[in-house]
Amino acid sequence: MIEEEAIVISEIGEFAEVDIIRTKPCGLCGKTQGCGNSIWGKIFSFQKRKIQIKNKIHAKVGERVKLIIEENYLLKASLLLYGVPLVFLFSGMLAAEYFISIANDLIVFICGVLGFLIGIIILKFITVQNHTKLFSEAVLAKTD
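Under our numbering, the first residue of the sequence shown is numbered 30, with each subsequent residue one higher.
In short, the hints are calculated from the structure, not lab data.
Keep in mind the model is a prediction, meaning the values are calculated, not measured.
Don't take each hint at face value.
[What the hints assert, rightly or not] Computed cross-link-like contacts, BS3-like style, restricted to lysine-lysine with a CA-CA straight-line distance of at most 30 Å:
no.	residue 1	residue 2
1	K171	K89
2	K171	K105
3	K105	K79
4	K105	K95
5	K95	K153
6	K79	K89
7	K83	K95
8	K105	K153
9	K95	K79
10	K171	K95
11	K85	K95
12	K85	K171
13	K83	K171
14	K83	K153
15	K105	K85
16	K105	K83
17	K79	K171
18	K79	K153
Using the sequences provided together with the hints, build the complete structure.
Right, dumping it as structure tokens:
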């Protein structure tokens, strides 16, 4: 289980909006609040976003809670994050190799890069549309 500390921002019916308090630095610059210097940070813009989670523990606004996620869910999210662009990269290369009659290495490379960019755009669309759904696997718990 992976645990992150969060603070309850608001209550909406049976849901609580939480903001994750990052305590571990990213390693690039040592900041903990998502500076966005990494390549994924620039693409996906790590702005603070409110996450709605079912409030089974009846946490109040301003209360610190734990956000718990299973490791296998993190593995699935990582496969989505890295797998989609790579599948499109190889698909673009294969499409160029087999369907373009004058395909030389440069054309295959360019089609691979285009496929990779299409994969990034699709991944960005998926994460923006399903941001709250992506966190539906998380569970709130009281802090110690």
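These are the hints, each one checked on the structure:
Our distance criterion of 30 Å between C-alpha atoms is met by K171 and K89, whose separation comes to about 11 Å. Distance check on the hinted pair: K171 and K105 sit about 26 Å apart at the alpha-carbon level, within 30 Å; holds. Our distance criterion of 30 Å between C-alpha atoms is met by K105 and K79, whose separation comes to about 22 Å. For the proposed pair K105 and K95, the alpha carbon gap of about 21 Å is at most 30 Å, so the pair holds.
Straight-line distance between C-alpha atoms of K95 and K153 comes to about 27 Å, which keeps the hinted pair within the 30 Å bound. A hinted pair counts as satisfied when its Cα atoms are at most 30 Å apart, and K79 with K89 qualifies at roughly 15 Å. The straight-line distance between the Cα atoms of K83 and K95 is roughly 13 Å, inside the 30 Å bound, and the hint therefore holds. Proximity of K105 to K153 is assessed by CA-CA distance (about 16 Å); at most 30 Å being required, the pair is judged to hold.
With a C-alpha separation of about 15 Å, the suggested pairing of K95 with K79 holds against the 30 Å cut-off. Distance hint between K171 and K95 is fulfilled; the C-alpha atoms sit about 6 Å from each other, no more than 30 Å. A C-alpha spacing of about 12 Å is found between K85 and K95, which places the hinted pair at or below 30 Å, so the restraint holds. A threshold of 30 Å between alpha carbons decides the hint, and for K85 with K171 the separation of about 10 Å falls inside it, so the pair holds.
For a cut-off of 30 Å, the pair hint linking K83 to K171 stands: about 13 Å separates their Cα positions. In summary, the hint linking K83 to K153 is supported, as the alpha carbons are separated by about 25 Å, within the 30 Å threshold. Proposed proximity of K105 and K85 is supported: the alpha carbons are some 25 Å apart, at most 30 Å. Of the pairs offered as hints, the one joining K105 and K83 holds, with about 21 Å between alpha carbons and a cut-off of 30 Å not exceeded.
Proximity of K79 to K171 is assessed by CA-CA distance (about 19 Å); at most 30 Å being required, the pair is judged to hold. Between K79 and K153 the alpha-carbon distance is near 18 Å, which keeps this suggested pair within the 30 Å criterion.
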